[in-house]
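Participant: Here is how the chains run, residue by residue.
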Amino acid sequence: MTTAAPTLGQPTRLSRSRGLASRFLVFATSQEFVLLLVVVLLFAVVGNTNPRYLAERNVLNIFNGNAYIAVAAVGMTMVIISRNIDISVGSLIGVLGTVSGSLAINGYPIWSSWLVPILLGGVVGAVIGFMVAYLRIPSIVVTLGLLSILKGGLITVTNGAWITDMPDTYFLAQMRTPEISLLGINIPAIPSPIVIMIVLTLLAALWMRYSPTGRAIYAVGGNAEAARLSGISEKRIIMTVFIINGLCVGIAAVLWATQLSIIQSTVPAGLELQVITSAVVGGVSIMGGVGTTIGAMLAAILLSAINSALVFINVSPYWFRAVVGVLILITVLTDLLRRRRTQA
Amino acid sequence: MKAKVLALFVLCALVVMSVAFPVAAQDRWDGADDLDVNPLECPVAEGETAAEEAAAEMDMPEYDGGQPTDAPDLAGQDIVVVDVPKLVGIGYFAATTLGQQQAAEELGNVTVTTDAPTEANIDDQIAVIDNYITQGVNGILFAANDPVAIAPVLRRALEAGIHVVGYDANSEPDAREWFVNQAEFNGIAKSMIDSMVAEIGEDGSFAIVTSTFTTPNQARWIAEMQAYQEKCFPEMTWLETVEAQEDNVLSFTQATTLINKYGPDMDGIFGMTSVATPAAADAVSQAGLCAVDAVDGAASSEDDAVAVVGLATPNAMKPYVTGDFAGCVKSVVLWNPIDLGYAAVYVLRAIVDGEFGPGDTSVEAGRLGTLQVVNGSEILLGPPFVYTAENIDGFDF
Amino acid sequence: MTTTTHTTDDSQEQMSSRIRSFLLRQEVILLIISLLAVMFLAFGSDRFLTTDNLLNQGRLLTEIGLVALSMTFIIITGGIDLSVGSILGLCAIILGVMWDPNGAFALPLEVAVVICLLVGTLAGFVNGLIIVRLGVPPLITTLATLALYRGLAEGISQARSVRGYPEEFYVLGQGEFLGVPTQLWVLLIFCILTAVILSRTIFGRAIYAIGNNELGARFSGVPVGRYKIMIYTFSGFMAAMAAWIFVSRVSTTRSDMGSGLELDAIAAVVLGGTSIFGGSGSIIGTIIGFILIQLLKNGLALSGVTTDGTIVVIGTVLILAILINNFIQRRSGNG
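If you read the sequences in order, they're chains A, B and C. Mind the numbering: the first sequence is residues 1 to 344 in the working numbering, read in order. Mind the numbering: the second sequence is residues 1001 to 1397 in the working numbering, read in order. Mind the numbering: the third sequence is residues 2001 to 2335 in the working numbering, read in order.
Excised from the complex, chain A in its bound form:
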């Protein structure tokens, strides 16, 4: 986490004054492009052995399946870029999802059962941010403690009772866009989690690239000292990052809770690792201060696609985790090699 990295800021800056060809080269060697390539390759190979893999339904399911993880990974991306970490996301998703379901079955308006968990997530994020930025407790310690508190607290309060019988209009994640026919092309009904995932990811990517605060996150993560010298308030940035992260976790929790007719009011095991893995495979934090939310989203989709592919091509499910581990290593290594080449 604390590897002193001499590389600074966005690599794309190098290319600004160069020609189209070299711009393309930079794009073609970016983590996002590599991931896109891997996803396409995976679709091609598995689709070749079993065409049903490429059926509209399965592709939508692959995108939909990890959408809530991709949403949480948006926040995680910022957290990791700022040289922090949040390992309490899984527990927080469990708690906020339970809050959402409880509101819905206790007669509160549906919009409040969607909105309250998101705001609550922001509040929890602010608390974490305050402890990290102002009380100077390392984020891994704060979130490790919070993970225990949320996990144990949730069971204490709910006794593990499942939440069922939500009103019909509650299931946000099961809603779909209307089918549109545009210029003779039929656009199928897209599940709402996919729409939310894409919109949120793009908004975050643009914000991080073009707004002063967004750029400051990279600066804080890349070289906190330099950032401080150039007048950026590190504390304020870290607060901001954790609040945004909390809001993202809140949205992810609502998507998580509204996709099925039962809310298992416990903490989903290992969810935080999936979120962190998505961010990391997406190219975040190799050197600290680098990475985008688009990469994280593609990584979340890739993980979902692999999970589906393993079922499709009859690979023993015993090996899933080993495959994921090798995958993380390979993406990280190619990323390192690529960086070395572009620097040379």
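For the record, the hints were derived by calculation from the structure and aren't laboratory data. All values reported here derive from a predicted model rather than from experimental measurement. Note that the Cβ used here is the ideal one computed from N, Cα and C, for glycine as well. It is possible that part of the hints are untrue.
Interface residues of chain B toward chain C, partial, derived using beta-carbon atoms under 8 Å [claimed, not checked]:
(1) A1116
(2) V1128
(3) F1213
Given chain A, put chains B and C in place with the hints provided.
Facilitator: Chains B and C in isolation, oriented as in the chain A frame:
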């Protein structure tokens, strides 16, 4: 540079190892264990059930449970009992806890508290039991996460003079006095397969969603299902088994992937846990493949429809049996977990009171009447129960 | 602030400031918190403060303790090892598969144990190689190997448990030596060993130097890469030791063994005052850390708090302990 090559080499070696190593054991990953199986008789055309009764009259093995040393005589006195299920936080064990509380209330001289880890983890479960031995309870009820790993700590409990009774998931026999068996493995297997055959016919194809391949009960049921299906319905096609932990989102994803993979080639899905079954039903209804046309999620044709049969608690399944998606699921197999917890407390009370011990062939269990002893030191709750649209609304857990 | 007049007794002043700085050390603060906790818990249940109970708790904390010791070295260098739980699982499976009389290998138990330790050491060595030679940050490397090693454990075991070890194998995990659980002796030996190495050797000082300023350490001639590989390798070895003891204690192998162990170990180390940013910390602190966590778990349970309540308390204690420590350190730093 040399070191870099070395590092890459080690990495490659690991990858190769990960592929090459399991070839020896790769022949099956259907989620079944490799213990002996004992499939029941096939269903007979005209409702003859004589065969089943014959099976029950096997030679009774010797009592093979353990005994506590110097347990204090507390006949008729108040006792404190701790219940340690596999984990807290799932509906199933909430139901067994409810049953225990009911029994405790009826008896009036038993106090039961439930405490268990939040994840089904062997080490945490051992630590919890250990603490209660130290604290000094009179009895321990348990549902084991691993039959062998839990044995040493249970033996310590017996040595400390604590009465030990298992339910739901057994330990090694000599580490506890009695085990309340919810239903025999082959009985569950028969109910599951018969229910599925009723929906998809004797030549249907099906896949399974289970928790993990290491969960003993699930592995046992799958093995028995396999044996029974091969014996009675050899025309059925066994597609595959997928793992989904005790996680409903993952269960939903896995079931959806199965539906997408096999399309019309798959006729049914078995859910092996109380988490997997409702999630599989959700997957089928969201994919629009329910077998009835009265609801939103109806299949376009009979051929496309996917049936769901599985182990589940009634409340979680009501939407699919009688609720919004009525008819999407026709039968849910389960014993009554409330009765299971209830029986466990009665058995423990009977032991403490000296009314029940090695050599006895039956025990009185309150509203459940007389329960039979099987397999040496197990008490059988009864045959598995099949919930259908006719009776499911009468249950609330 | 302490611009006191230097005319009065200088040595006495030095003495009192030394005492004060001793009292303000994280280990001492933690020790005081622990003693308070023990007193409090002893009121909760009269069975808590008994030799039997405390020795028995020793059995339960050995695995976490062993792993926390090596984790201390890693965290002091500013690294982290998330893969220890998975290494434990992998080693346990290897031990079982190699020994299994009905399996493909059917090796003698002693050989199987040696292979188990070797595999753990190799797994740690691979972590170290990737981190040092390929320059991948420790968090990411061990996140990847966390998945990889657990996957290997699941793949190799094919979900089968290996059971029925000979009676003498259980001595380590279930037996006693001089009235004390066998594994506690092992833990004690490693505690002394690591404490001496960290505080009394050049190697130990180099570990702190790496954590404080890696570049500086390199310039002053510390073989940073080699040392880092050594501590990650050691971490793998300790996880394998823990696996051996764990299998002996629970008498079976399962591929899900040790999941979540890494977080418990990290919590113990951090509670013990080792800074997650590297550069400071001690073995004594870690020892107090894992003992305090175990005592809390046990004492609260004996006082009638359920497991989920206990988790909440431990999480709170972790945050509060660091918070109090930060507060005191800053006060004394300013004062």
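Participant: With reference to the structure, classify each hint as holding or not holding.
Facilitator: Results of checking the hints against the structure:
1. A1116: holds, 7 Å
2. V1128: Holds, because the Cβ-Cβ distance from V1128 of chain B to chain C comes to roughly 6 Å (cut-off 8 Å).
3. F1213: With a closest approach of 3 Å, the F1213 of chain B hint holds.
The earlier numbered hints are all upheld by this structure, with none contradicted.
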